[in-house]
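*Asks:* Same order as they appear, the protein sequences are chains A and B. Each residue of the first sequence is one higher than the one before, counting from 2 in this note's numbering. Each residue of the second sequence is one higher than the one before, counting from 157 in this note's numbering.
I should point out that these hints are in silico values taken from the structure, not numbers from a laboratory. Any given hint could be a false lead.
[As the list claims (entries may be wrong)] Some chain A residues judged to face chain B by a derived CB distance under 8 angstroms, without partners named:
#, residue
1, Gly11
2, Glu17
3, Gly63
4, Gln66
[To be verified] Chain A side only, calculated, beta carbon under 10 angstroms to chain B, not exhaustive:
#, residue
5, Leu4
6, Cys7
7, Asn9
8, Arg13
9, Phe43
10, His60
11, Cys64
12, Arg65
The C-beta atom is built at its ideal place from N, Cα and C for all residues, glycine as well.
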Amino acid sequence: MLLISCPNCGSRDETEFHYGGQAHVAYPENPNELNDKEWAHFLFYRENTKGIFAERWLHSTGCRQWFNMLRDTVTYDIKAVYPMGTPRPDAAGKSTAETGTASLAADSTTTGTAAPSISGTSIAPAATPASTTAPKGATK
Amino acid sequence: MANTAALDGINGLRDIRRSPASHLAAAMDAGSIQGTVVLKEGLFQTMAGVRVDPRSEEGSRIAAVTGGLPARCGDVGGTDRVTVLWLGPSEFLVVAPEEAHDSLGGDLIGSLVAALGDAPGQVVDLSANRTTFELSGPRARAVLEKGCALDLHPRSFTTGAALSTEVGNIPVVLQKTGEESYRIFPRASFAEFLGRWLLDAMREFASPEVP
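Full structure from sequences and hints, please.
*Replies:* Here it is in structure tokens:
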């Protein structure tokens with residue numbers, strides 16, 4: 002079972018979430034100009050990364066909001082959680098852009114962490130001020 | 157069959173309606189262990205789903221009607237009469253006693269709609285969407301912990317907090333109303349399953365504890 006840090010709700014069980022596939026697949030600027038092959042490429046072709054993978058998740062039984070996540074497909078280690086619409090952070094979990102939104106320390110989201118404190122999420126306060134502290138009842 | 161002659165206005169309808177877990181009332185009575193854990197279905201309530209940006213002008217108008225909107229996950233806003241549960245950053249569930257409904261002489265839904273006006277957002281009457289289970293007693297937390305992954309310890313889940321989560325794999329809003337009392341809001345169609353699930357989870361506490 003994964004423990005996933007929702008940017009709004011803090012750490013919750015994987016069963017509360019739905020997977021949304023690969024992140025950062027941009028809609029074509031001029032879909033009418035694509036030929037069938039390019040359109041099929043946009044619709045159906047996705048990376049099958051072994052290692053760090055950027056993907057979308059939906060907290061479907063919680064706040065019902067989408068967010069992006071960097072997850073290692075081999076170890077299931079969650080490297081970063083960052084809002085929709087922001088660029089992909091680098092693999093170390095730090096944002097490459099000046100937005101500075103994704104700064105989840107790996108140990109705050111990985112499974113099996115026995116840290117006594119409620120770690121919740123550590124998304125930068127500028128992005129989501131309501132999420133700086135773990136909400137009441139957040140799973141540790 | 158319902159006596160159609162009794163269908164005299166709104167109060168006639170109120171007399172013949174059944175709450176989603178009403179057929180479990182006897183089982184809940186039999187399954188409750190007084191002084192240990194007690195389950196019952198709450199009264200009908202007026203509920204309204206509100207989607208509005210709380211930082212906007214219309215958000216503050218809505219907040220003025222409800223007595224405040226919760227700011228973050230877990231928070232509960234409102235007054236003594238009206239409870240506002242946080243469902244998402246711009247989504248709230250307003251819960252009030254049945255009499256607050258416009259059809260019974262109240263003005264909750266109407267005043268919420270008026271407060272929103274033409275601004276982006278929505279106010280929807282969801283009074284029939286969810287039912288209310290009231291679970292209380294010293295072992296209420298132990299019952300919930302069988303099917304809820306949240307940390308329900310009082311140091312983390314404090315009185316007055318409410319979270320939308322899963323209990324027994326059913327999506328619910330779980331509100332802690334007192335030290336040992338919880339309110340569970342499942343959707344009406346899940347009421348039977350969750351009611352029986354809770355009764356099953358409570359059953360062990362009827363027997364003497366095995367040390």
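*Asks:* Are the hints correct? Go through all of them and say.
*Replies:* Results for each hint:
no. : hint  : verdict
1   : Gly11 : holds, 7 angstroms
2   : Glu17 : holds, 6 angstroms
3   : Gly63 : holds, 6 angstroms
4   : Gln66 : holds, 6 angstroms
5   : Leu4  : holds, 9 angstroms
6   : Cys7  : holds, 8 angstroms
7   : Asn9  : holds, 6 angstroms
8   : Arg13 : holds, 7 angstroms
9   : Phe43 : violated, 30 angstroms
10  : His60 : holds, 9 angstroms
11  : Cys64 : holds, 4 angstroms
12  : Arg65 : holds, 5 angstroms
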